[in-house]
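Here the structure of chain A is known, so what remains is to put chain B in place on it, guided by the hints.
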Amino acid sequence: MKKIAIILLTLFALWSCTKDGPSGPNVDDFDREAILVNWSDNIIIPSFTAFSGSADQLHSDASAFAQAPTLQNLEILRNSWKSAYLAFQHVSMFEMGKAMELRFRDNLNIYPTDTTEIETNIMEGNYNLELSSLNDSQGFPALDYMLNGLGANDTETLAFYTTHENSNGYLTYLTDLTARIQFLSSEVLTDWTSGYRDEFVSNSGNGANSSLDMMVNDYIYYYEKHLRAGKIGIPAGVFSGSPLSTHVEAYYSDAFSKSLFNEALNASQNFFNGTHFESNTSGESLKSYLDFLNTMKDGTDLATLINNQFDAAREEAKILNDNFAEQVESNNNLMLSTYDQLQLNVVYMKVDMLQALNINVDYVDADGD
Amino acid sequence: MNTNSIRSYLNTSTNAAPLAVFRIFFGILMLISIVRFAANGWIEKLYIEPDFFFSYYGFEWVQPLGEWTYLIFLICGLSSVFITLGYKYRISIIVFFLSFTYIELMDKTTYLNHYYFISILSFLMIFLPAHAYYSLDAYKDENLRSQQVPKWSIDSIKFLLFIVYFYAGLAKLNSDWLFKAMPLQIWLPAKYSIPILGDLLQQTWTHYAFAWAGALYDLTIPFLLLYKRTRIIAFAMVVVFHLLTRVLFPIGMFPYIMIASALIFFDAGLHNRILEYTSKWFKISKSFFDNGADYSFPKAWIRKASVSMVAVFFMIQLLVPFRYMLYPGELFWTEEGYRFSWRVMLMEKAGYANFKVVDPENRQRFYVDNTKFLTRFQEKQMSSQPDFILEYAHFLEDHYQQQGIKDPEIYVDSYVALNGRQSRRYVDPEVDLTTIQPSLKHRTWLLPFDDEIKGL
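Just so you know, the protein sequences line up as chains A and B, in that order. Per my numbering, the first sequence starts with residue 1, numbered consecutively. Per my numbering, the second sequence starts with residue 370, numbered consecutively.
Accuracy of the hints is not assured; some may be wrong.
[Unchecked claim] Examples of chain A residues lying across from chain B (beta carbon under 8 Å, computed): (1) F30; (2) S202; (3) S204; (4) N206; (5) G241; (6) S242; (7) V347; (8) K350; (9) V351; (10) N358.
[Stated by the list, open to error] In silico lysine to aspartate or glutamate, EDC-like type, Cα no more than 16 Å apart, as pairs: (11) A:K98 to A:E199; (12) B:K725 to A:D340; (13) B:K414 to A:E263; (14) B:K775 to B:D801; (15) B:K560 to A:D31; (16) B:K655 to B:E511; (17) A:K82 to A:D367; (18) B:K725 to B:D767; (19) B:K741 to A:E224; (20) B:K741 to B:E766; (21) B:K741 to B:E511; (22) A:K82 to A:D340; (23) B:K597 to B:D636; (24) A:K258 to A:E326; (25) B:K725 to B:D782; (26) A:K225 to B:D767; (27) B:K560 to A:E33; (28) B:K520 to B:D782.
I should point out that these hints are in silico values taken from the structure, not numbers from a laboratory. Beta carbons are placed, not taken as given, at the ideal position from N, Cα and C, and that holds for glycine.
In isolation and in its complexed conformation, chain A is listed as follows (with noise of 0.2 Å):
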């Protein structure tokens, strides 16, 4: 055990004295429970409050339109609604705690909405909108098809809430929608500001079902199913061989799938770089993790080369059709290079950063050796 020690220490001055040893900056304890506080003080919790705050202007335009159904109140329901959708790209990947609980992101935003169902649902009147299956016949999509979808132009639209024999019907259902978004958004909100955040931040450990590792895991998953092929890849036909212009988000309102991309992009890059809800501030993230690890290990800049690809895919889809669907059908090669550029950024965060940060794809919890 002496001779082990004796070579051993040997072994540690020799290489402490060569030159290409790991010196480099000082490596103190990098304090991950900061991410979590910036986490959810700066980006969640206020993202979350804008989106409850433009659910609630949702649904009291929506009311108002109840009561006078005219076209300038349309025309600010759509407004409303536009703003409450841009706001939901915000929160859209943060389905953990309640959202997870309410199926967040399913009740809200699956598309393309199911238009046989909600017709069903306005004529019959008895639906339960909690029912998931009727997860596709409510939400932003749902709204859009109640909005932009049901004629062909705003008078014949219009005619469905005023002169349809039942308009009631309808108007009833577009408020039920409006106010279920609400209800939900509240939901989760309370609930982030009534003990979750403290149990967020304090879940600071390493293991899988720690809050580091879990973000992480939703994050991405959010990233590669949502934004990479549920905004670009499907509807281009990167899943079924044909494209899909039917599949895009806001698919009835003209040219606002783009900004709806858009927006969940920047969102997605601020979370990773750690940019507060609507500033230029940032703190703590897995941008500074990573780079704090780089420091010990020396390797790669992964955060540059993940902004570098963020960058580079708003760059590829500046090009793009506002329009997705006109986009798809006119000339669908520019979406799958848009396509192309985001994905790299999946093998760069779910390869490299999973990595590098040590955190398992999907809590796999089997044994290893």
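Below, chain B alone, put in the same frame as chain A:
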């Protein structure tokens, strides 16, 4: 070495207690392993839920049996009870070996070095008279009951442990491990929340210390256990080392198995004491077994066959880990000869594999959602290991043939990051994987590693 000394070695006998104690511990730990596996819901999760299983080359016929898979585990668990009791030992250990190995062969996704260790150890134990002493078999059968067993039977277990440690140590003598502290430098900082150690694990020097100490430990521990003067301190190191790895990594029962196994290096005195305690506890008469008799194999040819089998077994064990030398390219990258070679916790590999299906008739193409066919665990393992990628590609070929594409071409867009290096393309994206048959031949369809890991 002359044949005489070999012959006289083979005829040397020694006290049987270490072998009996080994048998008892082995049985108990295996029972715990099986119960723990079932209790964690892993039978369901790993062998019942998936639709598709990755097979070992040549063992494609070994598949989970649906709900009957539970029965295999039950048989395996029961046989370990019988092994502990030393009841119908030969049959029990054969049944254990077969059932345990069957379980391991069902899905390559769950491959672990220590499962392989259990498999070959139980195979070895088939040929050892571990039931000659302090067992129900020996209690019932006066002819079997023997206080002395051939020395080689105990030494063979030591030798297997020696190989496991020493080869694991040799494998650590590479530039990534020694001069980059990889992959420890990835794994250790992530354990920041471990009390006391957590902060230490953030220090670069700790990663190097662990790497060097780990290599040194593996290379020296079998020698230190062999010599009487260093044995106790070596055993203390075994305990500390394995408990530490237990704290740091999710390695299940392995640390306990190694700690218990290392007891075999001790003299019979310790084992006799263990058995005395056990006897008192269970009111067994130990002296009943202390008859001074020498174990003799029931028939001369059985003895000969056993010795020969063990000899062949060790030849294979010594050579198999080095089979990677038959392949060009970087072992860690191509994994040609990586498994079954005691490369324990030696690399961190993460991958991403996106499969593209092309219908040559209309050039229609689309990507596959892996989660439709694989569990997350399977997908993770598949993404960075070439044999998995190829097997999955063939599975996809069959699947899409059934879906009506006559002759689908399967390409994969894949990236792998190894030991903290930036991810790079793994499989040649131009290669139609359906044109490649699984084999043991060198894989020309992987892209080169473009870096070098020096070492054995």
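Verification of the supplied hints:
1. F30: Because about 7 Å separates A:F30 from the closest Cβ in chain B, which is inside the 8 Å limit, the hint holds.
2. S202: The hint is violated - A:S202 has no Cβ within 8 Å of chain B, the shortest such distance being about 11 Å.
3. S204: holds, 7 Å
4. N206: With a closest approach of 5 Å, the A:N206 hint holds.
5. G241: holds, 4 Å
6. S242: Where the cut-off is 8 Å and the nearest Cβ of chain B is about 7 Å from A:S242, the hint holds.
7. V347: Holds, about 5 Å.
8. K350: holds, 6 Å
9. V351: Hint on A:V351: holds, closest Cβ of chain B at ~4 Å, below 8 Å.
10. N358: holds, 4 Å
11. A:K98 to A:E199: holds, 12 Å
12. B:K725 to A:D340: holds, 13 Å
13. B:K414 to A:E263: Roughly 38 Å between the alpha carbons, so the hint for B:K414 and A:E263 is violated.
14. B:K775 to B:D801: holds, 15 Å
15. B:K560 to A:D31: Measuring from Cα to Cα gives roughly 13 Å; hence the hint holds.
16. B:K655 to B:E511: Holds. B:K655 to B:E511 sits at ~14 Å (cutoff 16 Å).
17. A:K82 to A:D367: violated, 48 Å
18. B:K725 to B:D767: holds, 14 Å
19. B:K741 to A:E224: holds, 15 Å
20. B:K741 to B:E766: Satisfied, since the Cα-Cα distance of roughly 15 Å is no more than 16 Å.
21. B:K741 to B:E511: violated, 60 Å
22. A:K82 to A:D340: Roughly 28 Å separates the two Cα atoms, so the pair is violated.
23. B:K597 to B:D636: holds, 9 Å
24. A:K258 to A:E326: The hint holds at about 11 Å.
25. B:K725 to B:D782: holds, 7 Å
26. A:K225 to B:D767: Violated. A:K225 to B:D767 sits at ~26 Å, over the 16 Å cutoff.
27. B:K560 to A:E33: holds, 14 Å
28. B:K520 to B:D782: violated, 55 Å
Against the hints set out earlier in the document, violations occur for numbers 2, 13, 17, 21, 22, 26 and 28.
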